[in-house]
Structures are given as structure tokens and as C-alpha cells.
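Participant: Read top to bottom, the protein sequences are chains D and X.
Taken in order, the first sequence gives residues -19 to 205; the numbers are from this note's numbering.
Taken in order, the second sequence gives residues 3 to 298; the numbers are from this note's numbering.
Simulated from the structure, these hints should not be mistaken for lab results.
Hints are supplied without guarantee of correctness; some may be wrong.
To be verified - Distance ranges between label pairs, derived from CB positions: (1) GLU203/X with GLY36/D: 27 to 35 angstroms; (2) ILE14/X with GLU199/D: 50 to 58 angstroms; (3) PHE10/X with ASN117/D: 23 to 31 angstroms; (4) ARG295/X with ASN117/D: 27 to 35 angstroms; (5) ILE18/X with LEU159/D: 32 to 40 angstroms; (6) GLY36/D with LEU33/X: 54 to 62 angstroms; (7) ILE29/X with GLY161/D: 50 to 58 angstroms; (8) ARG22/X with GLY18/D: 34 to 42 angstroms; (9) LEU179/X with GLY36/D: 51 to 59 angstroms; (10) GLU199/D with MET3/X: 43 to 51 angstroms; (11) ARG22/X with ASN117/D: 16 to 24 angstroms; (12) SER292/X with ASN50/D: 20 to 28 angstroms; (13) THR185/X with ASP2/D: 57 to 65 angstroms.
Claimed, not checked - Pairs of lysine-lysine, BS3-like flavour, derived with a Cα cap of 30 angstroms: (14) LYS215/X with LYS47/D; (15) LYS56/D with LYS4/X; (16) LYS74/D with LYS215/X; (17) LYS15/X with LYS72/D; (18) LYS135/D with LYS215/X; (19) LYS4/X with LYS52/D; (20) LYS110/D with LYS135/D.
As the list claims (entries may be wrong) - Stretch-level coverage of chain D by chain X, calculated; a stretch enters the list once three of its residues show a Cβ under 8 angstroms from a Cβ in chain X: (21) 57 to 64; (22) 89 to 100.
Keep in mind that this is a model prediction, so the values were computed, not measured.
From the three backbone atoms N, C-alpha and C, an ideal C-beta is built for every residue, glycine too.
Single-letter residue listing:
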Amino acid sequence: MIEAHDLELIYNDGTVAVKPFDITIGAGELVYITGASGSGKTSLLKLLIGSEYPTGGTLNILGEPIKKGNSKSIHKIRHKIGPIFQEFRLIKGKTSMDNVKLGMRFIGMTPSQIEEEARLVLIKVGLEDKLNIKVDNLSWGECQRVAIARAVARKPSLILADEPTGNLDRNNAIKMLELLGSFRTKETAVIMTTHATHLIEGHAHATYIHMDRGRVNIERQGKSY
Amino acid sequence: MKTFIYNFRYFIKESIDIFRLNLISNIFSLLSTGLIFFVLTLIIAGWNISSSVTEAIKGESEISVYFQEGLTESKIIDLTNSITNVRGVESVNLVNEDEAYGRMEKVLGDDAQVLSFFEDNPFDAFLEVGIELTEIESIVDQISQMAYVDLVRDNKEVLDRLSHMSDVLNLVSYLALTAVGITTLVIMSHIIRQGIYHHREQINTLELLGAPKYFIALPFYIEGISMTLIGGLLSLVLSHFVINEIYIQVSGPLPFIPMPNQGIVMQNLIIVILGLSLVLGFFGSAFGVSSSRYKE
Ligand SMILES: Nc1ncnc2c1ncn2[C@@H]1O[C@H](COP(=O)(O)OP(=O)(O)OP(=O)(O)O)[C@@H](O)[C@H]1O
Ligand SMILES: [Mg+2]
Chain D
-19 MIEAHDLELI YNDGTVAVKP FDITIGAGEL VYITGASGSG KTSLLKLLIG SEYPTGGTLN
41 ILGEPIKKGN SKSIHKIRHK IGPIFQEFRL IKGKTSMDNV KLGMRFIGMT PSQIEEEARL
101 VLIKVGLEDK LNIKVDNLSW GECQRVAIAR AVARKPSLIL ADEPTGNLDR NNAIKMLELL
161 GSFRTKETAV IMTTHATHLI EGHAHATYIH MDRGRVNIER QGKSY
Chain X
3 MKTFIYNFRY FIKESIDIFR LNLISNIFSL LSTGLIFFVL TLIIAGWNIS SSVTEAIKGE
63 SEISVYFQEG LTESKIIDLT NSITNVRGVE SVNLVNEDEA YGRMEKVLGD DAQVLSFFED
123 NPFDAFLEVG IELTEIESIV DQISQMAYVD LVRDNKEVLD RLSHMSDVLN LVSYLALTAV
183 GITTLVIMSH IIRQGIYHHR EQINTLELLG APKYFIALPF YIEGISMTLI GGLLSLVLSH
243 FVINEIYIQV SGPLPFIPMP NQGIVMQNLI IVILGLSLVL GFFGSAFGVS SSRYKE
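If we strip away everything but chain D, and leave its shape as in the complex, we get (with noise of 0.2 angstroms):
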């Protein structure tokens, strides 16, 4: 589902972001990314979704090569990918609702499905009596549960969280991770940054990358899913 080969990321300001390295991912695994701050691990993910485009090397996502001026294939590889933004990003002004209803319009779903998979998916992650509540009005923690409605209900192919765990003290940090591990199927891989290495060291069928500088450590335990 990813194959990088020489995959390197360098800024303009001439930031080593990401060293070369080579990793294949495929379809339904679980990844955790580690790292202190500023190794990273943003940077990596920024690679996966094509908002950043690799500096050397290859990168394939879902068959389709991410490169400078192929906007049709990110596209494309965007349309299956479930993004939890560190920040969240979600739209002001607008409903629990409406913010996963607005990730779901352009995918090829029915109106029918958007509407049934949003209320689901926020039921889903315990947001049933706030499906019609601006997500101004919202907790953090219930608007990260908004942002993980609105990257599941895309039924993707691939979650990308940015540091879901980054706020949450141990009990809801280990919650987070099993809710997110919850959502890896045979077709769905999920990849996400942490600090918590604690909470994660051990999980069986799982890749951990692990970052230093933008250097790049893999480590498979068990097999995949």
C-alpha cells in the first residue's frame, strides 16, 4: 500500500527533515511513529498525504507516485486517506454533523450513506448528543473526537493521526490509542505519531518507526494484520 525507496524530505531553509530510507507498508497494519519533537514525525506524515513532496527518492501510496506536479494522483490517494491533524482542523461555525458530513461530499458517496455514516461514526466515537453542536462550542477532547469521526466516516483505506495522544493524561491516552487501533481492519492501515512510547512498547502486529533527527528506525513485531 506504501513502498518508499531513498525516501528523503528536505525544507527550502535546507531543514533535514527526513533521511533516506526504504519502508513498505501494506494494506491493515498498525504503525506507530515515535520521536522526540522536532524529528520528524509531522514531516513524515506530511509525505503520506501529499502536502509535502519528497525532496529524493520514490514514494507510492495506493499505487499512485507522489511527485511534484502529479496533482491528480494526490487526488486521488487524499480521497483514501482518513487525516486526524495534530490541530484538528476543523470548520468554525459549523455542527459536529456538517464538519464530518463535509469530508464525506466529494468521495463518491450517496447522499444516503454521508448521511447514515456521519451520525454513525460520531455515535460511534460517543458524540451522539452532540451531533448538531457547533464545534465552537465543543471540549478539546470532543473536538478530537469530531476530527476522528471525520476521518473514519471516509471509510479510507489509510488513517494518518498526527499525535492523537498529545493532550490526554494515561487512562484517555490508552483509550485514544485502542479506540484508534479499533478502526485497523483488514483494509484499513493506521498510522499515527505518539510520544507516549510507554503506552505502545509491546503491541503485538505492529510497526513501530522510530525517529531521531530524521533519521529513520524500523521495527516490526509479529506479523501484520
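Given the structure of chain D, go ahead and fit chain X with the ligands onto it with the hints provided.
Facilitator: Same frame as chain D, now just chain X with the ligands:
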């Protein structure tokens, strides 16, 4: 298709949101678009009316042929016949002294009592000759050389002045059209750019979610086109009242001016203004969308 219709409500809602975000400035832009279009409607209406008045006068153009006094009836008939044979002459009609007097009385209206100062009828009989305007010079030439003809009076000067006036109005209309076009395009593209700027976060998020360009741009097009359309409608409502007033003012005291049918003038205006606002709204939005920078 079903999804597009489903999404259309979202597009409309979005465009209303975009409008409301800059409410005051957008309302002023709407009003000024309306006023700009209003000026244009008046100029176009004036041009429309004047060219149709000129056409009407040209269509019924006549010259008056005065002949020597005391001409016998058979000579007058001879003269009438030879004038009828001139190429470009459409009709010849004898207006005798009494009729000439009556006509002047009508023209003078309330001031007709000045005519009573004359002891005798001061007017001469003449031949009223309907002609094709394009042949006026050769006709006047030929008739002037005929026997017994005293004087040929044409209204060429008036006609020339009228058609000159309509040429000027023509030019003014084109200039106004250009000015309105440019102004509307500038206002609209500015408004759209502002809307995009205020929505840049949302637009960036939509792009990251893979939204196609049309999906992101459509609400802005809807906003731009509806704003010019509403401006156009506003100007049409205003000009309806103004043109109505002009017709009342003109057709009462100046009944001999052949004004075109008011309904047709209004209908032409509606077609031109609504068409124009659609086109300008579309291109204004397109300029706004294509010249926006919203990338993070
Ligand atoms: N647009 C950019 N231009 C230049 N440098 C950048 C840009 N974005 C990030 N960087 C730099 O690249 C490096 C990696 O940043 P990145 O955001 O990927 O780190 P991170 O691992 O996600 O950190 P955190 O855990 O704090 O979120 C940092 O040194 C950062 O300053
Ligand atoms: Mg980060």
C-alpha cells in the same frame, strides 16, 4: 448527480456564509454594483430611445415643395405627376392653405391666438412629398429644377443633427459599458479574493481532504454571480420607475416625438442587464478565484 444536488444546498449555504462574513462591505458593494448598473440602464435606455426616434423620423421623412402662387389646378396635377415620377419619391400630397393654417394652429396649441393677428391666411399651399431618405439630395435637386417650383424645404438638417446625437449616445453607451464592465469585474474579484482569504484555513483543509477544485470554488462563484445579479435586478427596479417618469414627462407635452414602446425598451433592458450581470459576475469571480493566494 444526486450527490451534486445534495451538495448544492451546502454550496448555497457556504456562499451565504461567505457573504455574511464581510456583511457591511459586501452590502455596500452590492449597492454600488446596483447603482453602477443603474447608470448603465439609463444610458442604454436613452440610446435605445434616441436611435428608435431617429429611425422613426427617418422612416417618415418628408420634404415640402412650394410652388408659384395662382397655379391652375391642372398645372398642380401635372407638377404632382412629375414629382411622383422622380426616383425615391413615395407619396405626394397637396396641402392647401386652409389645411396649412389648421396644422400650424395645432402645433402652436394655446399660443394659436397669435394667428388671429393676420388678416388673411398667411400660409401657402404646398406639396407634401414622402421620400426615401437615402435619395434626398437627388430628389431635392430634380424637384428644384422643375417648372413653377418656388422652394423645396427639407428637414435634412434636423435629421443630421438627430443622427449625430444618436452617434454620440452610441459612443457614450460603449464607454459606459466598458466602465461598468471593468468596475464590476474589479469589485467582484476583490470581494471574492477577500472571501477566499477569510476562508483560507477551511480551503486548505478541504484540499488536504482531497476536495476537487470545483467543490472549493463553486460557493465563491455562486456568491459573485448572485451579487451582480441582485445588483442588476436592483438597477432594473430603479430604472423602471425612472423610465416610467420620463415617458409620462415626454408623451404628455411632446406628443409628436415618436417614442418607442415602453414595454419593449424595458424588455431590452432586462435582457441586456441580466445577461451582463451574469457574465460579469462569472468573470469577476473567476478573476478573484484565480488570483487568490491562500496556500499556507
Ligand atoms: N515548513 C517547514 N519549513 C522548514 N522547516 C520545517 C518546516 N516544518 C517543519 N520544519 C522543521 O523540520 C523538523 C521536523 O519537524 P516536524 O514537525 O516534522 O517534527 P515533529 O517530530 O512532528 O515534532 P513534534 O513532536 O513537536 O510535533 C523540525 O526541525 C522543524 O523545525
Ligand atoms: Mg508533529
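Participant: Which of the listed hints are not met by the structure?
Facilitator: none
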